[in-house]
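S.K.: Residue numbers (our numbering), protein chains in the order written: chain A, 1 to 113; chain B, 114 to 227.
If you are wondering where the hints come from, they were derived from the structure by calculation, not from laboratory data. Being a predicted model, the structure only gives us computed values, none of them experimental. C-beta atoms are modelled at their ideal positions from N, C-alpha and C, and glycine is treated no differently. Keep in mind that a hint or two might mislead.
Claimed, not checked - A short, non-exhaustive set of chain B residues, derived as facing chain A with CB atoms under 10 angstroms:
{"hint": "1", "residue": "Ser145"}
{"hint": "2", "residue": "Gly154"}
{"hint": "3", "residue": "Gly156"}
{"hint": "4", "residue": "Arg180"}
{"hint": "5", "residue": "Gly220"}
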Amino acid sequence: DVKVTQSSRYLVKRTGEKVFLECVQDMDHENMFWYRQDPGLGLRLIYFSYDVKMKEKGDIPEGYSVSREKKERFSLILESASTNQTSMYLCASSPVRNLNEQYFGPGTRLTVT
Amino acid sequence: GDSVTQMEGPVTLSEEAFLTINCTYTATGYPSLFWYVQYPGEGLQLLLKATKADDKGSNKGFEATYRKETTSFHLEKGSVQVSDSAVYFCALSDRGSTLGRLYFGRGTQLTVWP
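The shape of chain B in the complex, shown without the other chains (with noise of 0.2 angstroms):
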């Protein structure tokens, strides 16, 4: 079936550090694939989204590419700020379906220090 791993957290950056957040996926159909951001006391909110190979998808500076031949779609970011701290989600969905489920991956705790 459908499924999405991440890695584990918790990463602790230094403000300004390089973020990649590894995400790989399987799936049966072809898949559309997001990031999700929940910052703390909050409800998750889109971050970036991709809906085929070699898309990529970019928000708040945070950047991932849609890779079919790995499976992947890493989260990474240039300079991590302070305001970055939050738990990141990967997750994606069959097109295919109207039911619109997502499958998500466990979550990475981030944690930017100044």
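Excised from the complex, chain A in its bound form (with noise of 0.2 angstroms):
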């Protein structure tokens, strides 16, 4: 079974804070994605990457920046963390091969007081 994990299910972090999420994958796939998911807005993304070190802006970038050093890890940094980033972030992988289906993490819920 293809598994996607993500380094905690609930942060609670301070405003101004840097704040990291993590996400490992262990299926060998190639594009990885985060989400955020607001009640009413569905899921907005905010990053992806289809390759090592390669990253594009998703809809929802600002606030957020990406890396992706190994293939399996794809990190979600919160350079100085705001009330209005306090969400629901999922993480999802997927093969280029497989018509583009994702697979996702359990989620991460962030609050920021």
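Join these two chains into a complex; the hints should help.
M.R.: Okay, structure coming up:
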């Protein structure tokens, strides 16, 4: 089974802190994604990566950065957390060969106080 | 650009009722279409998919048919169960792209009462 794991299920941080969200997949997938999920807004793409050290902005990249130093790991970084970044963060991965089907992690619920 | 519009919820049904969740799409190419489900406290998981016009995806009693003429991919189930309570997302991807990006609808919350 494909497994996508996220470092924390719940996280509480203070305004201005630097926050790291980690995602690891074990199926050698080329593509990885970070979304945030908010009530009434669905899933919004923050960043994605199609190869090691490669990244592309999604629809809402402001206030976020990413790092992909190894194929299996994709990190989302909040440089200076703000209260409007309180959200559920979902990581996903997909193989290029499989019609873009994505596999999701369980999510990290981040609260910024 | 590519986008998905799905019926807003919440949807509340009694057990064994018929379910339809509407989904329409806009795409410049020839997309693949998906329904994902998110159970409480979990990430999304693929429910079913269709890759070309007139294909029918099915899984766990759910069905959806890719209708190019109406640009739709409505989700249906003949008899829902309490365990079907979840959020359902319609999504599309551009088959011509290897970047693997999916475009999601806003999600529809389904609650089924016994």
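S.K.: Next, verify each hint and record whether it holds.
M.R.: Checked hints:
Interface restraint check for B/Ser145: the shortest CB-CB distance to chain A comes to about 5 angstroms, inside 10 angstroms, so the restraint holds. Checking B/Gly154 against chain A by beta carbon gives a least distance of about 8 angstroms; that is within 10 angstroms, so the hint holds. The beta carbon of B/Gly156 comes within 4 angstroms of a beta carbon in chain A, closer than 10 angstroms, and the hint placing it at the interface holds. Restraint check, B/Arg180 versus chain A: the minimum CB separation of about 19 angstroms is more than 10 angstroms; hint violated.
Residue-level restraint check for B/Gly220 holds (minimum Cβ-Cβ distance to chain A is 5 angstroms; threshold 10 angstroms).
Of the numbered hints listed earlier, the single one contradicted by the structure is hint 4.
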